[in-house]
Amino acid sequence: MKRLLLVVLGACAIAVMALVGVAGADGGPHGGYAPTTDGCAGCHRAHTAAAPRLLTTPVAALCSSCHGSAATGADTNVEDGVYLDRDAVAEAPAEGVANLGLKAGGFTNAVMDTSFSGSAASAATTSAHNHDNITTGTAWGNGAIGSGAGAAGFALGCTDCHDPHGNGNYRILRPIPSDSGAAANVNVPDEATKDYTITDPGGQYFSEGYNLALTSTDPMTSQYQTLSDWCTQCHTRYLADPDSGTTDSGDAIFAYRHMTADTFGEGGDCAKCHGSPFTNPPPITFNGTYWNHDVECATCHVAHGTSAVMTGDGPYSGSALWPDGAAAPNGDARSSLLRVDNRGVCQACHDKPGTSAPAP
Amino acid sequence: MSSIWSRHRKHPTDEGPAEPLGQPAAAGSTETVGRAAVAGSTEAIGQPAVAVQPAVAVQPAAVAGSTEAIAQSAVAVQPAAAVQPAVDVEPDDPRRRRRLLILLGLLLLLIGTLASILAVYLINPKPLPELLPIDVDYAPHYLFSVYEVDQPIGVGLSPDADMIYVTESGGERLVKMFDRDGNPQRAFAAAGTTPSTRSPVYLDTDTTGRVYVTDRLQHGVFVFDRRGTYLDTLLDPTNALSEYVAKSACRLEQETVFSFNTFEGFVRCTPPGGQAQTLPFPDVDAWSPLGIRIDESGRVLVTDVLQDEHRVRQHFERSPDDPARLNLAAFTGGGTGQDSGQLLFPNVAVADSQGRIYVTDGNNGRVSIWDQRGTHLGTIGTGSGEDALSLPRGAAINSRDRLHVVDAVGQDIKVYDVSGDEPVYLYSFGEEGLEDGQFSFPGDIAIDSSGRLYVTDRENNRIQVWSY
Numbered sequence: 112m113k114r115l116l117l118v119v120l121g122a123c124a125i126a127v128m129a130l131v132g133v134a135g136a137d138g139g140p141h142g143g144y145a146p147t148t149d150g151c152a153g154c155h156r157a158h159t160a161a162a163p164r165l166l167t168t169p170v171a172a173l174c175s176s177c178h179g180s181a182a183t184g185a186d187t188n189v190e191d192g193v194y195l196d197r198d199a200v201a202e203a204p205a206e207g208v209a210n211l212g213l214k215a216g217g218f219t220n221a222v223m224d225t226s227f228s229g230s231a232a233s234a235a236t237t238s239a240h241n242h243d244n245i246t247t248g249t250a251w252g253n254g255a256i257g258s259g260a261g262a263a264g265f266a267l268g269c270t271d272c273h274d275p276h277g278n279g280n281y282r283i284l285r286p287i288p289s290d291s292g293a294a295a296n297v298n299v300p301d302e303a304t305k306d307y308t309i310t311d312p313g314g315q316y317f318s319e320g321y322n323l324a325l326t327s328t329d330p331m332t333s334q335y336q337t338l339s340d341w342c343t344q345c346h347t348r349y350l351a352d353p354d355s356g357t358t359d360s361g362d363a364i365f366a367y368r369h370m371t372a373d374t375f376g377e378g379g380d381c382a383k384c385h386g387s388p389f390t391n392p393p394p395i396t397f398n399g400t401y402w403n404h405d406v407e408c409a410t411c412h413v414a415h416g417t418s419a420v421m422t423g424d425g426p427y428s429g430s431a432l433w434p435d436g437a438a439a440p441n442g443d444a445r446s447s448l449l450r451v452d453n454r455g456v457c458q459a460c461h462d463k464p465g466t467s468a469p470a471p
Numbered sequence: 004m005s006s007i008w009s010r011h012r013k014h015p016t017d018e019g020p021a022e023p024l025g026q027p028a029a030a031g032s033t034e035t036v037g038r039a040a041v042a043g044s045t046e047a048i049g050q051p052a053v054a055v056q057p058a059v060a061v062q063p064a065a066v067a068g069s070t071e072a073i074a075q076s077a078v079a080v081q082p083a084a085a086v087q088p089a090v091d092v093e094p095d096d097p098r099r100r101r102r103l104l105i106l107l108g109l110l111l112l113l114i115g116t117l118a119s120i121l122a123v124y125l126i127n128p129k130p131l132p133e134l135l136p137i138d139v140d141y142a143p144h145y146l147f148s149v150y151e152v153d154q155p156i157g158v159g160l161s162p163d164a165d166m167i168y169v170t171e172s173g174g175e176r177l178v179k180m181f182d183r184d185g186n187p188q189r190a191f192a193a194a195g196t197t198p199s200t201r202s203p204v205y206l207d208t209d210t211t212g213r214v215y216v217t218d219r220l221q222h223g224v225f226v227f228d229r230r231g232t233y234l235d236t237l238l239d240p241t242n243a244l245s246e247y248v249a250k251s252a253c254r255l256e257q258e259t260v261f262s263f264n265t266f267e268g269f270v271r272c273t274p275p276g277g278q279a280q281t282l283p284f285p286d287v288d289a290w291s292p293l294g295i296r297i298d299e300s301g302r303v304l305v306t307d308v309l310q311d312e313h314r315v316r317q318h319f320e321r322s323p324d325d326p327a328r329l330n331l332a333a334f335t336g337g338g339t340g341q342d343s344g345q346l347l348f349p350n351v352a353v354a355d356s357q358g359r360i361y362v363t364d365g366n367n368g369r370v371s372i373w374d375q376r377g378t379h380l381g382t383i384g385t386g387s388g389e390d391a392l393s394l395p396r397g398a399a400i401n402s403r404d405r406l407h408v409v410d411a412v413g414q415d416i417k418v419y420d421v422s423g424d425e426p427v428y429l430y431s432f433g434e435e436g437l438e439d440g441q442f443s444f445p446g447d448i449a450i451d452s453s454g455r456l457y458v459t460d461r462e463n464n465r466i467q468v469w470s471y
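Protein sequence lines correspond, in order, to chains A and B.
Take any residue in the first sequence, note its place counting from 1, add 111, and you have its number in my numbering.
Take any residue in the second sequence, note its place counting from 1, add 3, and you have its number in my numbering.
One chain only, chain A, in its complex shape:
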C-alpha cells in the first residue's frame, strides 16, 4: 500500500513538474504551476471535494465565474464573445483589441458583422455549441462512414474541449475531446503570439481564424489543417479532402462533402484552379479579399456561437433539413455557427455575381 501511495505521489509530482513547462503558455489559473503551487486549492479539495474530479463545485458554472458576462476573473468574456482588455501600455504585438469579437464568437451574444454592413454589433446568438454539461444535442457526423447522422444525446461542457490545467495547445484544447470516440491525439499548436480577437476592425468574421497570418506567409503549408483535424474528432465525417465534393464517400447522409482538409494544390493538383497552362491569379473567380489556399472548418464556422441570421431572400437557409432529416429548429436557429448571414460563406469564396466566369 505504501509503495502504491509513493508511486501515485511520485506520478503527481512528475506531472506537476511537467506542467510547469508545457502549461506556461497559459497564465492565470490555467497552468504555469510551480512545484509548491497554491493554485490547486482554487478549484479542488483532496479529501472534502463536493463534486467529481475532486472539484469543490460542479464544473458547469465554474468557468462562468471568470469568463461569464461579468468577467470578474478574465478579459475573455465568452458569454458575450468579446475581449475586454484595455491596455494602457500597448502590447507588441497586441493580444487583441478591446471590445472586438473573440475569434470563437460567443455563447449568449456575439460581436459580429454577419451582414457585412461595415460595423460590428453585439447581438444575441442564433446558434451555439452547448456548454452547460446538461443540454444535449447531436454531434453531427460523429462516427464511421455509414453510422447514421451522428451521436445523439451529446452533452457538452467547457472542459470537454478545453483543458483547464493548460497543456500548451492552442486555446488549451484537449488532444481528444471528451466522449468524441477519437483514438489519436490531435495537438493543435499554440499561436506564436496569442491573438484573441479577429483582425478585421469592422467585425467581419469570414476567414478569420486560427493562425491566419502564419498561413498567409506560407500558403502551401496548411496550418488550418490541424484545427480541422481537431474539430472532426467529434464531427468525424465532416473531414473531407478536396476531392470529396466529387467523390461519393459511401455514406448515406454524408455522401459528397465540401473540403475541410488539405489545401488546394497539395499533391500538385494546381491545375484544378489555376488551369493548364498555369495562370496566376487563377481564372476561376474567388472573392479576392477572402481567397486563400486553405479551407477548414473555422473558415466558415465559429466554435462557440454566432449571431448570423437566416432571413434571406429565399426560403433556403432557414429551412434546410438537418442531417437526420429533421426540419426543426429552423429559421435563425439553423445558422449552424456560420460566420455570415444566410449562406454568405458560400458566396464569400465562390463569388457568384452572375457576371463572372463559372467557379469550380
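Don't read these hints as lab results, they were simulated from the structure.
Since the model is a prediction, treat every value here as computed from it, not as a measurement.
The beta-carbon is built from N, C-alpha and C at its ideal position, and this holds for glycine as well.
Keep in mind that a hint or two might mislead.
What the hints assert, rightly or not - Calculated from the model, a selection of chain A residues having no Cβ within reach of chain B, i.e. all distances over 10 Å: (1) Pro140; (2) Ala161; (3) Thr183; (4) Val193; (5) Arg197; (6) Val208; (7) Thr219; (8) Gly264; (9) Asp274; (10) Pro275; (11) Thr304; (12) Gln336; (13) Thr357; (14) Arg368; (15) Cys457.
Unchecked claim - Sample of chain A residues facing chain B (criterion: CB under 7 Å; computed from the structure): (16) Ala160; (17) Pro163; (18) Cys174; (19) Ala182; (20) Asp196; (21) Ala366.
Using the hints, position chain B against chain A.
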C-alpha cells in the same frame, strides 16, 4: 444557627417537647443513630440537648424505617411544633429579608439592563456582537431569500439600509431594487445600453444615496439616483460624461438627456427643447473598473483590471453634489501578477476602522492587505487550511472589523477578525447546494448596521439574507 435555634426554643408551642427530645438523644444506644445522622459528628453526643435538638426536627426523615426506639422518639416530637417554626419565623427573619431584598434588587437590575439593551436595540438595531462590549463570535443564521433576480453578482444597500440593490449578469442585466423585506421596487439600466452591451457587476451607494455601478463591458461606472434614474457615467478615473457634454455644443442643462455606449463609438445628447445630437467619442484614459466600495467617510475604492496594471484606485473628499468630481488616483502600484504586492483580478477593496485596505485578489486566491499609505502588509487566505480562500470575490467589513469574504468556488463566506494587529480567522458559513443557507457561486456581500447580511447567490438566482 444558634440564633435560629434559640428562637425555636422560645416558640410557645415548642417548650414542652424540648426536654424529652434532648434526653433520649443523650441516652446513647439506638438514639446515637439519630444523632449521628443529624449532627454528622460524634461531638454532638456530648453536647447538651440544645445542640442535639435539631436532630429531632428532621429525625423522621433521617431515620425512617429504623428502630422502634427511634420511632418512638419520632412520635414524641411528632407534634407539629418541631416543624412549624421553619415556616412561621421566616417573615420575621431580618437576615433572610435582607437576602430577599438583595435578590430583588439584582433581579430589578437585570430587568433594567435587559430593558435598556432592548431599548437601544429598538432605537438602533444592531446584532448582539455589536451591542455588547464583549467578543461574541458566532456564525450568522439564515433568514430568507429574495428571488426574481437572474444570476446576481453585486449587492449594495441604501445609506439607511431600507433598500437593496442587486446587479444581474443574466437575462436583461438590470440593476434591481428591493425593499428590506425583499419586495421588488424597481429595475433600471444605464441609458443607451442594451442587454448585450452592458454587464453591471459591483455596486455601492454614497452617503447621499446615489448608486454607483461598475460595468465590465462599458468600461465605466454608471451613476444613478436612489430611485434608479440615470445621472452620469464615469468615463475614466477623472472624467465624467456630464463634463464632456457640458463642454460640447449640446450644453449641459437641467433637462439635457445624454447617454453613452462604448460599442457605438459616440455620445448621444439631446438639449432641452432641441434635437438629438451625436457627439464624437470622448478622448478618455484607459481603465477597466471592476469593483467599487464607498465607505461612510466618503472614501471611494475602485479596483481597476486594466490588463498590465491591475490595481486599486481611491478617491477622498468627494463633492456631495457632483459625481463628476471624482479623482480616482492609483492606490496600489505593484502591477499585475502573482508576487507579493501584485494583484490578479482584484475584485473589491474595503477599508477597516484603522484605514487598512483589504483587496480580494481573485485569481491569486487571497486577500491582500495594505496600509493607508499604500504599503503592502501581507495576505489572508493562502495555503490549504480552513481559512484558505479559493476564488475570493466580494467583501464587506462590519463595525466590529469583521472582514467577510465571499469565496465563489469555496461556496461560502469566510469571516476574519481584523481588529487587531494580525488578522484572525473566525469561521465560515454556507456550503455548496440548492437549499436555504446553501450557495451556488456566491458573488458579493453587503452588511447593514442591524447585522443583516445580503449575499448574492448567482447560480441559485437569489439573494440570501442572513443575520447575526
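A quick look at each hint next to the structure:
| no. | hint | verdict |
| --- | --- | --- |
| 1 | Pro140 | violated, 6 Å |
| 2 | Ala161 | violated, 5 Å |
| 3 | Thr183 | violated, 6 Å |
| 4 | Val193 | violated, 7 Å |
| 5 | Arg197 | violated, 4 Å |
| 6 | Val208 | holds, 12 Å |
| 7 | Thr219 | violated, 8 Å |
| 8 | Gly264 | holds, 24 Å |
| 9 | Asp274 | holds, 18 Å |
| 10 | Pro275 | holds, 12 Å |
| 11 | Thr304 | holds, 15 Å |
| 12 | Gln336 | holds, 32 Å |
| 13 | Thr357 | holds, 42 Å |
| 14 | Arg368 | holds, 34 Å |
| 15 | Cys457 | holds, 28 Å |
| 16 | Ala160 | violated, 10 Å |
| 17 | Pro163 | violated, 13 Å |
| 18 | Cys174 | violated, 11 Å |
| 19 | Ala182 | holds, 5 Å |
| 20 | Asp196 | holds, 4 Å |
| 21 | Ala366 | violated, 39 Å |
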